[in-house]
Amino acid sequence: MPAVLKVDGRERLVPAAERRAMARKRLPAEKRRESILRAAERCLARRGYYSCTTADIAAEAGITEPILYQHFDGKRDLVEGMRQRTVQDISEYVVRRVLKRTTQLAGLREAAEAAFDFTRRHRSKMRAYYYSIPELGRGGFHRTPVDRLHRLHAAVTYMLEEGQRLGEVVPGLKAEDFAWSYIALMEIVYIANALGLEVPFSDKRTYLELVERLLCSVSTTGEIRG
Amino acid sequence: MPAKKANPAKRRRRNSRQAIIEAALQCFAAKNYDGASMSDIAEATGITKRAIYRYFPTKRELFYAVRNEVYASIVNHLWRELPPARDFVELADALMRAHLRFGLENPEMLRIVVNTISEAATREFQENIEALLADREEELERLVKAGIKEGTLDPSLDAGYLAWVFILIFYFLTYMLAFEEEWILSRGEEAASVILRPILDSLAPPERRRKPKKNPGRP
Chain S
1 MPAVLKVDGR ERLVPAAERR AMARKRLPAE KRRESILRAA ERCLARRGYY SCTTADIAAE
61 AGITEPILYQ HFDGKRDLVE GMRQRTVQDI SEYVVRRVLK RTTQLAGLRE AAEAAFDFTR
121 RHRSKMRAYY YSIPELGRGG FHRTPVDRLH RLHAAVTYML EEGQRLGEVV PGLKAEDFAW
181 SYIALMEIVY IANALGLEVP FSDKRTYLEL VERLLCSVST TGEIRG
Chain F
1 MPAKKANPAK RRRRNSRQAI IEAALQCFAA KNYDGASMSD IAEATGITKR AIYRYFPTKR
61 ELFYAVRNEV YASIVNHLWR ELPPARDFVE LADALMRAHL RFGLENPEML RIVVNTISEA
121 ATREFQENIE ALLADREEEL ERLVKAGIKE GTLDPSLDAG YLAWVFILIF YFLTYMLAFE
181 EEWILSRGEE AASVILRPIL DSLAPPERRR KPKKNPGRP
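So the protein sequences, as listed, match chains S and F. Under our numbering, the first residue of the first sequence carries the number 1, and numbering increases by one thereafter. Under our numbering, the first residue of the second sequence carries the number 1, and numbering increases by one thereafter.
Since the hints were made in silico from the structure, they are not lab data. The C-beta atom is built at its ideal place from N, Cα and C for all residues, glycine as well. One or more of the hints may lead you astray.
Stretches of chain S that chain F covers, calculated by requiring three or more beta carbons in the stretch to come under 8 Å of a beta carbon on chain F [to be verified]: (1) 176-183; (2) 186-195; (3) 208-218.
Cross-link-like lysine-lysine pairs, in silico, DSS-like; alpha carbons within 27 Å at most [as the list claims (entries may be wrong)]: (4) F:31 with S:75; (5) F:59 with S:75; (6) S:174 with S:100; (7) S:204 with F:149; (8) F:31 with F:59; (9) F:145 with S:204; (10) F:49 with F:31; (11) F:59 with F:49.
Bound-form chain F, shown alone (with noise of 0.2 Å):
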């Protein structure tokens, strides 16, 4: 991770929370958790480490303000760049494209994201993914609702077990991401739509779903 070369004296202007999170951002996805020193992320950000250490006690705090960083960066843009839907399939898959969308334009958000994960040996992280967690299953188990009740999904379905799989789902997307798994790349944001639309169709209510043709090659 070379760092930025830049006049000094520019740089020592900006050295703001904000500097310090992004420097740190670049750090860790390029070098992991561990491999990234303080003393690295000092010189990325063109300041002392002991200014780094006046906003951020530890690496460790360093590290979840830079993890919530990315959270709301992409739970943000999620948001933003919707396009309308008009119903709960076309709003699902307008999510996961533009998950999968913000995902291919920035890996450096989606190396942090896969990194948490072996942060959550510590019982104090994994409260902290939790809580993370648990407010996008409120707003997605809104949706669901919504969903059931526009007649687009299957009422018989528990609407808090699904916001749950579709969380893991963005979850198993952002990792086919970071693998650089090449299917997923070649494809693009088409993928998550390749992904998303049978499981959608299988969810829909039983009059909704397709009915499978039968083969009539076969007796």
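Only chain S is shown next, with the shape it has when bound in the complex (with noise of 0.2 Å):
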């Protein structure tokens, strides 16, 4: 399959066999194993977690099977590597528009768009990291949605007890317990999104008035500010 490539400067169709050939030219290390998840990403997107081999992820990325050994031990390894960059491009992506809002429950609020955005915008590595989940309970291997998850709730309380601290929030919510209600709400477009569901979370108007009645009721004017 023929791809758009810059060569030169100029932009050019670049048949497969070229592709291939560009490929296999000596990458450093660190961009080949960058080259090799995205291709994981795109290839598990595609086909799943079981339908998709090393084979077929050496081959999307233009090189080898015995190259992509050289960088991983193997599919759990690389899977890995995969679901722990998708976790972290998501939070870098989450903090960076949180950090632009002056108060707690701001910064909750645009902490559930920013999520929504990030999802519908990287649709297929969203797939890829759900499509990764059925290894579940195979040596922990589950343990990256979890420290996920256990790192958000960490996140969430923090910005509520801060809030509670500031005047912001109700005095009298336990924030840890009502951190597990936000995510909840918050984690929903993740699935969808996992689950190719179109409608409604298309919507983003409706979703986000939800996230914001959640927070209003624990704010200490009713609304949300900044």
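The task is to assemble the complex, starting from two chains supplied on their own in separate frames and drawing on the hints.
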């Protein structure tokens, strides 16, 4: 399959054979690793965990399998690397947007909106992430998704407690528990996109209205400022 | 996944479709879709592989049968064990708690639900699961509409949208359980109420919503 590539500053169609030749060029280890992870993402998003072999991923990256094994111990190691990269991408994106907000509740609202935008924009990434989950329970392979939830929970709890300290959030609230309600509402867009549910999760306005309702219900002023 | 040792003759008599599905459920839950071979399933059922192929031409079809069975069990259980509820809030709470209780008692069923996601890569499966969920969505939408009518939910809310939100929160709880997330395991079915109550509270009509308490220590 030819692809449009920029060669010598000009865009042109590059046939598959030539692309493979380019891919076989020696790359620094880090760049090669990155290109394999990207290939794994595309492959998993398209075919799911089971039907996607290391040979498929190598072919997608335009390399041979032995080269893939120089960078990763196997499919599990590779998929784990892919998941960690996805988690890092999401959190970097969400944190960058949250930091633009001046209050804790506005930050939480922004986080939900950012998560929505990210999952809509990177659907194949999210699909690949969720398709890799069935490896559950095989020697703790599922730690990445759990660790992500725990880090998210710690961050949300911190923001709510900070909000209580600053008088934005009602003092009687048990931040730790409420954080799970908020996360449940936040995670549904991830699941909707993993399942490929179009309707109604293309409707951001209604989704954000629900998030706002939840956050306003614990705001001392009944609204979100900042 | 150790196969249950039993008298082979006795086993053979049970080589019904149902016995295969039950054995396959355990195998898929223990070894996942790719890890569980038809030979494993045949051994666990106590019949030959050929006998399985008489009922299920492919492993995929057997998996679909297992999955449909699991979804049906989850849904049947939800409605069977339901305590009487006065309004939508109590009903939704009871549904989520029943779901969590069932998940805690049947972890292998949850593994199947989560496994199905990986099969969602194929278009065929996608249509399949959308149909499964669409049935639930209709059911829930009816309940949400009743909740709006009785005044426990804000009439300005979109009932169809809310039905999907509840379905996906079900999934979220399923994931947390399948991950063996510590908080949810330690709280048990109470976790369902902890998660759901604030959300339901925020969906109440304005006049019924709890007024936030002002912090007396601050201006």
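Hint by hint, here is what the structure shows:
1. 176-183: Answer holds; 4 residues pass the 8 Å Cβ test.
2. 186-195: holds (count 6)
3. 208-218: holds (count 6)
4. F:31 with S:75: holds, 16 Å
5. F:59 with S:75: Distance ~23 Å between residue 59 of chain F and residue 75 of chain S Cα, so the pair holds.
6. S:174 with S:100: holds, 26 Å
7. S:204 with F:149: Roughly 26 Å separates the two Cα atoms, so the pair holds.
8. F:31 with F:59: holds, 14 Å
9. F:145 with S:204: Holds - the C-alpha atoms of residue 204 of chain S and residue 145 of chain F are around 22 Å apart, at most 27 Å.
10. F:49 with F:31: holds, 18 Å
11. F:59 with F:49: Holds: residue 59 of chain F and residue 49 of chain F sit about 11 Å apart, inside 27 Å.
In summary, this structure violates none of the numbered hints.
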